[in-house]
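In order, the protein sequence lines correspond to chains X and W.
What the first sequence shows, in the numbering used here, is residues 1170 to 1273, in sequence order.
What the second sequence shows, in the numbering used here, is residues 1170 to 1273, in sequence order.
To be clear, the hints were calculated from the coordinates, so they are not data collected in a lab.
Don't take every hint at face value.
Unchecked claim - Computed list of lysine-lysine pairs in DSSO-like fashion (alpha-carbon distance at most 27 Å, straight line):
(1) W:Lys1233 to X:Lys1260
(2) W:Lys1233 to X:Lys1174
(3) W:Lys1273 to X:Lys1260
(4) X:Lys1181 to X:Lys1260
(5) X:Lys1262 to W:Lys1174
(6) X:Lys1181 to W:Lys1233
As the list claims (entries may be wrong) - Derived Cβ-Cβ restraints for the label pairs, each shown as a range:
(7) X:Lys1233 to W:Phe1249: 23 to 31 Å
(8) W:Thr1244 to X:Lys1273: 35 to 43 Å
(9) W:Thr1247 to X:Leu1222: 33 to 41 Å
(10) W:Phe1249 to X:Glu1237: 24 to 32 Å
(11) W:Gly1236 to X:Asn1241: 38 to 46 Å
(12) X:Glu1237 to W:Asn1199: 26 to 34 Å
Glycine residues also receive a C-beta, built at the ideal position from the N, C-alpha and C atoms.
Number of protein chains: 2
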Amino acid sequence: MISFKNVELVKKANIYFDGNVTSRSFIDGNGESKSLGIMMPGTYNFGTQEAELMEILAGEVEVKLAGEDTWNTYTADTSFSVIANSNFDIKVKTITDYCCSYIK
Amino acid sequence: MISFKNVELVKKANIYFDGNVTSRSFIDGNGESKSLGIMMPGTYNFGTQEAELMEILAGEVEVKLAGEDTWNTYTADTSFSVIANSNFDIKVKTITDYCCSYIK
Chain X
1170 MISFKNVELV KKANIYFDGN VTSRSFIDGN GESKSLGIMM PGTYNFGTQE AELMEILAGE
1230 VEVKLAGEDT WNTYTADTSF SVIANSNFDI KVKTITDYCC SYIK
Chain W
1170 MISFKNVELV KKANIYFDGN VTSRSFIDGN GESKSLGIMM PGTYNFGTQE AELMEILAGE
1230 VEVKLAGEDT WNTYTADTSF SVIANSNFDI KVKTITDYCC SYIK
């Protein structure tokens, strides 16, 4: 079972879209900000402040980055990156477990 | 912002009831097993193996322990305990953020 060691884990959840997207923020052992989250099926738009690496742990999503015309599909053990101060559309096809890393 | 320090956090989510209840397992700095979770509105029954302390961080639930006739209401900053090898019925009235501690 893969785990993050030596983590600082925020107690309170982040709740978005009426709870259809929720996440837990933490700082990993290297001092990097990350979150582990769940997205229920639906279509969402997320803005970024920092650049993000979104790793799909389970589930299936289609993603269209700002300024692009193409939807790309991501499933377990695939990931996509989003630049800072941007946004992306995401269609969650099945309940999706993800890990987001915020890149300074 | 309250956080748990020096935690080992499991990467993969626990997903129950078609994703209406999800949680993240971790071991806190004292070596105690806990999980942080989200329950969407609905009615569920949970079994326990170890005894549990369920702390409600946000939301509202009604709980009926096995062998009892009474539903009790819990909201933010309240908690209830469940004995080992038992079960409880829970009606989640609004999306609920919780912390569960497993008692050895």
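Now for the hints, and whether the structure bears them out:
Restraint check for lysine 1233 of chain W and lysine 1260 of chain X: not satisfied, since their Cα atoms lie roughly 37 Å apart, outside the 27 Å limit. Between lysine 1233 of chain W and lysine 1174 of chain X, the direct Cα distance comes to roughly 36 Å. Violation of the 27 Å bound is thereby established for this hinted pair. At most 27 Å may separate the alpha-carbon atoms for a hinted pair to count; lysine 1273 of chain W and lysine 1260 of chain X exceed this at roughly 42 Å. Pair hint lysine 1181 of chain X plus lysine 1260 of chain X holds up; C-alpha atoms about 26 Å apart against a cutoff of 27 Å.
Only pairs whose Cα atoms come within 27 Å are accepted, and lysine 1262 of chain X paired with lysine 1174 of chain W is rejected, the gap being roughly 35 Å. With a C-alpha separation of about 25 Å, the suggested pairing of lysine 1181 of chain X with lysine 1233 of chain W holds against the 27 Å cut-off. Range check, lysine 1233 of chain X to phenylalanine 1249 of chain W: about 44 Å between beta-carbon atoms, so the 23 to 31 Å window is missed. Separated by about 38 Å at the C-beta atoms, threonine 1244 of chain W and lysine 1273 of chain X satisfy the suggested range of 35 to 43 Å.
The beta-carbon spacing between threonine 1247 of chain W and leucine 1222 of chain X, approximately 38 Å, falls within the hinted interval of 33 to 41 Å. Between phenylalanine 1249 of chain W and glutamate 1237 of chain X the beta carbons are some 49 Å apart, a value that contradicts the proposed interval 24 to 32 Å. With their beta carbons about 52 Å apart, glycine 1236 of chain W and asparagine 1241 of chain X fall outside the hinted range of 38 to 46 Å. Checked against the hint of 26 to 34 Å, the pair glutamate 1237 of chain X and asparagine 1199 of chain W fails, with Cβ atoms roughly 47 Å apart.
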